[in-house]
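Number of protein chains: 2
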Amino acid sequence: MADLGTRLGEIVGAEHVSSGDAVAEDYTHDETLTAEPARPAHVVRPADAEQVAAILALAAETGTPVTARGSGTGLSGAAVPRADGVLVSFERMNRVLEIDTENHVAVVQPGVTLAELEERTKAEGLVYPVYPGELSSSLGGNVGTNAGGMRAVKYGVTRHHVLGLQAVLPTGEVIRTGGRYVKASTGYDLTQLIVGSEGTLALVTEAVLKLQPRMSHQATVLAPFPDLATVARAVPRVVGSGIGPLILEYIDALTMGAITHTAQLQLGVPDEIRDTAQAYLVVMLENNATERLDQDVEAVGTLLGELGSLDTYVLPGPAARKLIDAREKAFFTAKGAGADDIIDTVLPRAALPEFFSAVMEIAQGNQTLVVGCGHAGDGNVHLAVFQKDPEVRHKVLHELFATGMRLGGAISGEHGIGHEKKRHFLELEDPNKVALMRRIKQAFDPTGILNPGVLFD
Amino acid sequence: MADLGTRLGEIVGAEHVSSGDAVAEDYTHDETLTAEPARPAHVVRPADAEQVAAILALAAETGTPVTARGSGTGLSGAAVPRADGVLVSFERMNRVLEIDTENHVAVVQPGVTLAELEERTKAEGLVYPVYPGELSSSLGGNVGTNAGGMRAVKYGVTRHHVLGLQAVLPTGEVIRTGGRYVKASTGYDLTQLIVGSEGTLALVTEAVLKLQPRMSHQATVLAPFPDLATVARAVPRVVGSGIGPLILEYIDALTMGAITHTAQLQLGVPDEIRDTAQAYLVVMLENNATERLDQDVEAVGTLLGELGSLDTYVLPGPAARKLIDAREKAFFTAKGAGADDIIDTVLPRAALPEFFSAVMEIAQGNQTLVVGCGHAGDGNVHLAVFQKDPEVRHKVLHELFATGMRLGGAISGEHGIGHEKKRHFLELEDPNKVALMRRIKQAFDPTGILNPGVLFD
Ligand SMILES: Cc1cc2nc3c(=O)[nH]c(=O)nc-3n(C[C@H](O)[C@H](O)[C@H](O)COP(=O)(O)OP(=O)(O)OC[C@H]3O[C@@H](n4cnc5c(N)ncnc54)[C@H](O)[C@@H]3O)c2cc1C
Ligand SMILES: Cc1cc2nc3c(=O)[nH]c(=O)nc-3n(C[C@H](O)[C@H](O)[C@H](O)COP(=O)(O)OP(=O)(O)OC[C@H]3O[C@@H](n4cnc5c(N)ncnc54)[C@H](O)[C@@H]3O)c2cc1C
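Sequence lines, in order, name chains A and B.
Quick note: the first sequence uses full-length UniProt numbering, first residue 1, plus one each step.
Quick note: the second sequence uses full-length UniProt numbering, first residue 1, plus one each step.
What the hints contain is simulated information worked out from the structure, not anything from laboratory work.
Treat the hints with care, as some may be off.
No distinction is drawn between identical chains; accordingly, a pair holds when it is met within one copy or between any pair of copies.
[Stated by the list, open to error] Quick list of in silico lysine to any residue cross-link-like pairs, SDA-like style, CA-CA up to 25 Å:
(1) Lys-154 - Glu-124
(2) Lys-154 - Ile-243
(3) Lys-122 - Arg-237
(4) Lys-322 - Gly-268
(5) Lys-329 - Gly-448
(6) Lys-395 - Glu-361
(7) Lys-322 - Pro-452
(8) Lys-433 - Asp-48
(9) Lys-433 - Ala-57
(10) Lys-433 - Gly-172
(11) Lys-154 - Phe-456
(12) Lys-122 - Tyr-155
(13) Lys-329 - Glu-116
(14) Lys-433 - Met-405
(15) Lys-154 - Leu-293
(16) Lys-154 - Met-215
(17) Lys-335 - Ala-53
(18) Lys-154 - Thr-290
(19) Lys-433 - Ala-53
(20) Lys-322 - Val-12
(21) Lys-395 - Arg-423
(22) Lys-433 - Leu-58
(23) Lys-154 - Ser-216
(24) Lys-154 - Val-297
(25) Lys-422 - Gln-166
(26) Lys-395 - Asp-340
(27) Lys-388 - Thr-403
(28) Lys-154 - Asn-287
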């Protein structure tokens, strides 16, 4: 019997398999700060669903672990391969198959990046509104993690835009789920089950995505606040106003200082306000009619003033774009500053004030620096944790997650569990639910070849 | 060992169990036209999740089939019990536990009706926007069928508003899924898997529902069209315009005649237009600002004219409400007129013209009358089928469903599969998907006690 690399080459062509030392460094990790890189035995780059099916059949036959990889920008370690396994990289399956302007749908292969999809939809006056900061990420990866991002407060997350999938089961069958419609009651919703499953249930080979009409005008309001608690209390009010912001981000003063410094960005906030501001809200609005947009900007400004902002600034277009861009890169700023881990707990948004005060206590109680920003409109808090000692760090994370869950939240809003948050997940989640999830995993993947070690031990 | 009825009485109190002939007729059916009624051995009315868990543990122990029932308004026969089984009626679990105005969430027991929830949210300036025509239906039933309705074109369906559940597994554990947040990437999405599972995976004992700010003003535009094809072609244009209609319904001329006649409703359409109109679009818009609403009404009127409508009428409030009400009751009008079955195929909305012409051919080819209306914005077509011969009717339905699926659709958009569409589902659906769904069913319900005969044989 030929060795595994040879047999993979028979499926995809030898030039699309790398093995051993020929595996490039980039395939050994994602962007997670804590994950140990691992060089897979083979990297294989299939061209279509049939090849993916053949790879999975071979893996099942040989009991080989298989990890899917999109762009490797994930923050949970879920695309880090196993040293004894195969990494399936979707880089060659990178075509936008269709922009269907009648049904407002894009059909894409998993390797398509958000940047590419943005360009293709823009040309048609449509938009795929899900906007996780990293536009080099792939749609397959976005489906894998149920990616969120800044616009979720208006449009929802990946889950809400995936109408259907073509997927290969670890048992080798190619199925199609859902379709170019927004609803069905025809059996179990396999689409939604696969979204967010971090490559543990099936490999996605095509996605049908819901598009929206693209709005023509945007405006951005920046509001400094005296403290985080006031910001947190303002969030439900802004959402409840009915104005429907496109973006509603909070950024604490330390993070704002760091990201504007890194981006060399002047926002026109006078020194005396910047010196008192402990946190900021960034509210972006959109509309097709400039008149309506202006009215909404006015209304948001007034509302924020009532809710305790120190002042409000309507940012000029270029400054607004730079700020959003700098916010997207907050992760790299934190990384550059030496952050040891990043978490993205999600909470009921009204629980933010209590969460923030608990965060402060946990940080102080453990001599740890915890700073952050986040998708406040969704109650999704991104915290950078500066603590070199892994045991203390684990304790801090555990306390943060436990607090979030006690307040009705979940460990991760959008980054996922992967390897890196698994210990917390298994420690804190209801064992009955974990057991049920394991049985579901078993229903898809009886031989356990897909991303072993992710989510479960 | 005491008999089952006695043991159920020990769990919920004897006064909350009915057995044998004491079971009221209403429990033997739902609203499905074709389903054979069945009198269950026992009806049990639990008061809380613990009692539900005890009932399921007893059923698992004794191998007794269990069917959940909300208000029994379903249209797939999925709440019709088994003669040898227990019907769990949620009528006593009918409390709105909380309207959380900060997080825009309602927490309800499954027996709460839409009518009750509407009243409670209205008082807070919020709305649960999912609007299946039957307001006496329960939230538990809505979750069971993934109910849709007229406002799905703007707000989505039940699935998009269920943020979390408390559910009892057939293995007896009580779990909580999701929470008061719109997104998470923390393990598999059990909430979405249970939604639409027609009582086959778990019994829902609490639901966390997303609410929206309630808009203050609505306006309704009625547009007669010369034929169904023109209506069908107009639908994607209206959706694509970015105006964001709240309701976008089509009603064919026969159905319009019947429902306005039944409701004794005058719409002010002159005779000469009514005589040529073969179909109608009903477009409802909403806004908080009357000025914006007026502009949008104007824009929609112009657009519909361009798209081929014979004229457009802005309906006065009372007439609009009556028309929507009559549309909701279209099912009963069809039933009264002797319809033999109702289906609700969903399609990519751009496939509507082709589907409508196929429907006409199938109807004529089988000497069957097929008329309808539907949630055109979602591509969800409700057809009343008049054909007494069950074999011919099965053939007609089979051809309609097969055509819908060939055009990229699914058998049911919102009513579900139940018993009544099961033969079609099993004949037409990919067997690999059905097999996977069975394995998922097995993962939840290893002893097969929950709603046996629904979805699968
Ligand atoms: C600077 C920065 C900012 C970010 N901001 C955000 C943000 O705002 N919101 C957010 O949600 N995320 C954010 N992320 C995280 C990351 O971009 C997302 O998790 C993204 O979805 C990962 O996509 P990817 O293609 O890089 O996936 P990868 O990292 O390659 O993989 C992610 C997961 O998906 C699986 N997968 C990949 N392809 C497939 C497939 N075809 N079939 C099945 N499974 C597959 C992998 O196995 C893995 O489990 C950010 C990351 C960075 C570096
Ligand atoms: C006139 C009329 C108009 C209608 N219009 C629409 C429409 O526009 N859109 C639409 O979607 N539907 C419509 N329907 C169908 C119906 O109203 C919906 O299917 C509704 O969701 C059923 O709710 P119910 O409480 O009556 O559920 P039931 O009929 O009692 O049950 C429906 C399903 O849910 C399950 N179930 C009930 N409670 C629970 C629970 N607690 N846990 C788990 N499973 C449970 C049952 O087992 C069954 O499978 C209409 C019906 C009528 C009669």
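Here is how each hint holds up against the structure:
1. Lys-154 - Glu-124: So Lys-154 and Glu-124 pass the 25 Å test inside a copy (21 Å) and across (21 Å) alike.
2. Lys-154 - Ile-243: Result: close both inside a copy and across copies, 10 Å intra and 16 Å inter.
3. Lys-122 - Arg-237: between (32 Å within a copy, 18 Å between copies)
4. Lys-322 - Gly-268: within (13 Å within a copy, 55 Å between copies)
5. Lys-329 - Gly-448: neither (36 Å within a copy, 50 Å between copies)
6. Lys-395 - Glu-361: within (13 Å within a copy, 68 Å between copies)
7. Lys-322 - Pro-452: Neither: 40 Å inside a chain and 57 Å across chains, both beyond 25 Å.
8. Lys-433 - Asp-48: between (35 Å within a copy, 20 Å between copies)
9. Lys-433 - Ala-57: Result: close only across copies, 17 Å inter versus 29 Å intra.
10. Lys-433 - Gly-172: Result: close only across copies, 12 Å inter versus 27 Å intra.
11. Lys-154 - Phe-456: Close neither inside one copy (33 Å) nor across copies (38 Å); limit 25 Å.
12. Lys-122 - Tyr-155: Classified as both: same-chain Cα gap 17 Å, cross-chain 24 Å, threshold 25 Å.
13. Lys-329 - Glu-116: So Lys-329 and Glu-116 pass the 25 Å test inside one copy only (19 Å; across, 47 Å).
14. Lys-433 - Met-405: Answer is within: at 15 Å inside a copy they meet the 25 Å cutoff, but 35 Å across does not.
15. Lys-154 - Leu-293: Classified as both: same-chain Cα gap 15 Å, cross-chain 21 Å, threshold 25 Å.
16. Lys-154 - Met-215: Both ways: Lys-154 and Met-215 sit 13 Å apart in one copy and 16 Å across, limit 25 Å.
17. Lys-335 - Ala-53: neither (38 Å within a copy, 48 Å between copies)
18. Lys-154 - Thr-290: both (19 Å within a copy, 23 Å between copies)
19. Lys-433 - Ala-53: Only across copies: Lys-433 and Ala-53 sit 15 Å apart there, 30 Å inside one copy, limit 25 Å.
20. Lys-322 - Val-12: neither (42 Å within a copy, 62 Å between copies)
21. Lys-395 - Arg-423: Within one copy, since 11 Å is at most 25 Å while 55 Å is not.
22. Lys-433 - Leu-58: between (31 Å within a copy, 21 Å between copies)
23. Lys-154 - Ser-216: Cα proximity of Lys-154 and Ser-216: in one copy and across copies (16 Å, 20 Å).
24. Lys-154 - Val-297: Cα proximity of Lys-154 and Val-297: in one copy and across copies (16 Å, 24 Å).
25. Lys-422 - Gln-166: between (28 Å within a copy, 24 Å between copies)
26. Lys-395 - Asp-340: Result: close within a single copy only, 13 Å intra versus 64 Å inter.
27. Lys-388 - Thr-403: within (22 Å within a copy, 62 Å between copies)
28. Lys-154 - Asn-287: both (12 Å within a copy, 17 Å between copies)
Consistency note: the structure conflicts with the earlier hints numbered 5, 7, 11, 17, 20.
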